[in-house]
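K.L.:
Generate the whole structure from the sequences, applying the supplied hints.
Now for the letters of each chain:
There are 2 protein chains.
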Amino acid sequence: MRYISIHRLNDYVGQIITLNGWVHTLRDQKQMQFIILRNPTGMVQASLEKQRNPALAEVVSTLTRESAVRLTGHVAQNPDVRLGGVEIQLAELHIENRAKSPLPIEPFGKDLPGLEPRLDWRHLDLRRPENRLLFQVQTTVESAMRDFWQREGFIEIHTPKIMGSASESGAELFELPYFETIAYLAQSPQFYKQMAMAAGLERVFEIGPVFRANPSFTSRHDTEFTSVDVEFSWIESHVDLMDFEEQWLRHTIFAVRQAHGEAIAEHFGSEVTVPDLPFPRITMEEALVRLRERGYTPPPQKQGDLCPHGERLLGENILDDLGHEFVFLVDYPVSVRPFYHMRYPDNPTVTKSFDLLWKGLELTTGAQREHRPDVLAVQAKEKGVRLKPIQYYLDFFKYGCPPHGGFGFGLTRMLMILLGFKNVREVTYLYRGPRRLYP
Amino acid sequence: MRYISIHRLNDYVGQIITLNGWVHTLRDQKQMQFIILRNPTGMVQASLEKQRNPALAEVVSTLTRESAVRLTGHVAQNPDVRLGGVEIQLAELHIENRAKSPLPIEPFGKDLPGLEPRLDWRHLDLRRPENRLLFQVQTTVESAMRDFWQREGFIEIHTPKIMGSASESGAELFELPYFETIAYLAQSPQFYKQMAMAAGLERVFEIGPVFRANPSFTSRHDTEFTSVDVEFSWIESHVDLMDFEEQWLRHTIFAVRQAHGEAIAEHFGSEVTVPDLPFPRITMEEALVRLRERGYTPPPQKQGDLCPHGERLLGENILDDLGHEFVFLVDYPVSVRPFYHMRYPDNPTVTKSFDLLWKGLELTTGAQREHRPDVLAVQAKEKGVRLKPIQYYLDFFKYGCPPHGGFGFGLTRMLMILLGFKNVREVTYLYRGPRRLYP
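From first to last, the protein sequence lines stand for chains R and U. Per our numbering, residue 1 is the first one in the first sequence, and the count goes up by one each step. Per our numbering, residue 1 is the first one in the second sequence, and the count goes up by one each step.
It should be emphasised that the hints constitute simulated quantities derived from the structure, not laboratory data. Fair warning: this is a prediction, and the values are worked out from it, not measured in the lab. Treat the hints with care, since some could be wrong.
[Stated by the list, open to error] Which bits of chain U does chain R cover? Going by a derived footprint, with three or more residues having C-beta under 8 Å, they are:
| id | segment |
| --- | --- |
| 1 | 20 to 29 |
| 2 | 57 to 70 |
| 3 | 171 to 179 |
| 4 | 340 to 346 |
| 5 | 423 to 436 |
[Claimed, not checked] DSS-like mimics (lysine-lysine), calculated; alpha carbons at most 27 Å apart, straight line:
| id | chain 1 | residue 1 | chain 2 | residue 2 |
| --- | --- | --- | --- | --- |
| 6 | R | Lys-381 | U | Lys-100 |
| 7 | R | Lys-398 | U | Lys-110 |
| 8 | R | Lys-100 | U | Lys-383 |
| 9 | U | Lys-100 | R | Lys-398 |
| 10 | U | Lys-100 | R | Lys-110 |
| 11 | U | Lys-110 | U | Lys-50 |
| 12 | R | Lys-100 | U | Lys-398 |
| 13 | U | Lys-100 | R | Lys-388 |
| 14 | U | Lys-381 | R | Lys-100 |
| 15 | U | Lys-422 | R | Lys-100 |
| 16 | R | Lys-383 | U | Lys-383 |
| 17 | U | Lys-422 | U | Lys-110 |
Yeah, the Cβ is synthetic: ideal placement off N, Cα and C, and Gly gets one too.
P.N.:
Spelled out as structure tokens, the structure:
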């Protein structure tokens, strides 16, 4: 089933071979016909001198662009051909699926249609080689992350996406009729990955969907995305999480560079830089000092936090000062963190938490969790969280839950930063938004 | 952070070490105190002669079963101790999280409570070592499957779980309000993994949740489970799928045996048998002949298919006759297969499809798909499927979709068969059913 790689056709000169692929272009001239065949391994020209096989020529002339075909022919050197100096002299052609003509969108070339028609015809949009590369990179990213986890003894879990009550806040929650009652779609696996700690699984990870009923149409929002989540026990503090995360990310980025560095440079014009360890770490307080020195004051509604603009400035500042693309921003004030983030015993207005910025964009959020049930309940009440709906969660901490913490992020976010995409819709297999349920 | 394995404590005799874990049992005697500490690496006894450290003895006496503790002490040989002949002479104890007493359920011992209370307190139920092993096996299974896929050039996809219309049939569908309209939860990634074929991704896999609004309470049903899905292009027929699947499963089972064979024998009393290749393959027709010879006639409502009882009998028959735990059952009649299964050109009442039985239980379902849009539309109409809601799906086949096929199954199903569990609720991290939304 595995077919011959077009890159290696030179090894087959003089032989008869069969190739599968799509008709990238067709030129039907008076005497000659030329098909450019495209498949994941590259592009190659197949040619036919019409009078040598008029019956076949007739079939070829019925071809349309993007038809799926299986063709057989003689591999011949032809220095006039740009694609590797070889071509196929066509002997047989089987049209597996003839594309209707014209195509509903033009998926190739410099003048691509707008994003909406491309999303309408996502299966054609995905045929561009850079989109294939995008999902190859995603595959490598996930694989490298899991390899690292597994080497470190992590267990893979699949937490339920249907919940009896909201996980974090009541906002942006999808609600659905569920037999005699009502259920909610998980906004994150937060509570359930913490349950794994209470269950003694000690180190877990999950890559799975989460749902946000967010009505915004920005380039960073979607209603469903793939969340990457990690949680582990017996930590001393959030510092252990950062120590882990930076090694894990370095391993992942290294794997991407090894597997796709050249292709990324070719298709996305960017270099994959494997980061040095350790990543710089600065407190939120220090970050604000650095930014004020550069004339930036955070907007009042973002007290104690950074807006995307501030994050970008800080990213630049760290790159200039320390030559690093990453920076851990630690010790966020309680006001901007959820109730379950642990606070410093000697400074209870500050949480043992961090964000990781990459190229000035927020990649992950992490924290040590509060595992003492009484403290947790007090913190929840302070934040206005009703205890009754989360009673099941508070129960996790009553019968011997070890100290623990973790972090999480959206997989698309990582791909956007890594490859320089500006819109989450482009890096999602099938984007979902308030007005986008198809295909 | 990685702590010392209890299995290797003999290497630490004479040293002071720190261990994390749970108080499995506590014996507080007149002169001596004994803690059995449990963690993922095993169990060990920690002892304290009270008069040597009365302050510490007082802390120990406040301990409760299942509390999470960090203890430090001297490793000493003690031939009287059953647990490896070593014990810890307690010097320090830090109670990270004191368990309330009594425990709401008893998670250990021979007389476990019923399933419902155990599911109510799943985080305690999961503390039994065999449950930890279950999720370690799951982790190994997924890892081995992905390794094989990746070696074969597969791309990992994450298809949307929120859909604009039903994927296969209107039955058992969760519906939810979605901004100005209504959406549905995916019952399978079927249509979207086929889209990847139309997109030219050629070989894809996904492990992710699917949802079924099934009101039944049987031991085999749940409303949410993890589906394992594979799809690939340019196949000649469903035979290519079976050739792939049996190698892939053999690789996976081999990995489980390597990593956990001994532990599975110890905890589940069963041996993991790595299957020989190829797996037996018999047509549905032949299966019915075999079963009739054994006095079995399929119930009339199951015409052309097997009921679970028939599958069990056939599994036994194949094991007796051919000595194999697996059997591919091929060529199901059109009547029992969905509209998108391809039919034989010379026998259009039979589909190019298969089920794989393992130990007499259905594991996977697979088929070559119909990729010709006109034929597909006719088959859908014949099955009473309305074309309008699936128009987006039919569109996948209009612009050059290669021949393709795939298979899928529930991950819990595999674990149940592999480890001999009888109830899906036991092998799911957190089971969801019509009346089960918590924890």
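K.L.:
Need the status of pair Lys-100/R, Lys-383/U: alpha-carbon distance at most 27 Å?
P.N.:
holds, 25 Å
K.L.:
Would you mind confirming whether the straight-line C-alpha gap from Lys-383/R to Lys-383/U stays at or under 27 Å?
P.N.:
The given pair, whose Cα atoms are some 54 Å apart, is violated under the 27 Å limit.
K.L.:
Tell me if the straight-line CA distance from Lys-100/U to Lys-110/R falls inside 27 Å.
P.N.:
It is violated: about 66 Å lies between the C-alpha atoms, which goes past 27 Å.
K.L.:
Check the hint pairing Lys-398/R with Lys-110/U against an upper bound of 27 Å on the C-alpha distance.
P.N.:
OK: Lys-398/R and Lys-110/U at ~24 Å, within 27 Å.
K.L.:
Are 3 or more residues of the segment 57 to 70 of chain U near chain R, judged by a Cβ distance of less than 8 Å?
P.N.:
holds (count 4)
K.L.:
Can the restraint linking Lys-381/R and Lys-100/U be considered satisfied, given a maximum Cα separation of 27 Å?
P.N.:
holds, 22 Å
K.L.:
Between the alpha carbons of Lys-110/U and Lys-50/U, is the straight-line distance 27 Å or under?
P.N.:
Measuring from Cα to Cα gives roughly 32 Å; hence the hint is violated.
K.L.:
Holds or violated: the segment 423 to 436 of chain U covered by chain R, criterion of 3 or more residues with Cβ-Cβ distance under 8 Å?
P.N.:
That given contact holds, which follows from 5 residues of the segment 423 to 436 of chain U lying within Cβ reach (below 8 Å) of chain R.
K.L.:
Run the distance test for Lys-100/U versus Lys-388/R: straight-line Cα separation, threshold 27 Å.
P.N.:
Cα-Cα ~19 Å, so holds.
K.L.:
Straight-line Cα separation of Lys-422/U and Lys-100/R no greater than 27 Å?
P.N.:
violated, 50 Å
K.L.:
Could you grab the alpha-carbon distance between Lys-100/U and Lys-398/R and see if it respects the 27 Å cut-off?
P.N.:
holds, 6 Å
K.L.:
How does the coverage statement for the segment 340 to 346 of chain U fare against chain R, requiring three or more residues with Cβ below 8 Å from a Cβ of that chain?
P.N.:
Not satisfied, violated; 0 residues make the cut.
Checked against the numbered hints given earlier, this structure breaks hints 4, 10, 11, 15, 16; the rest are met.
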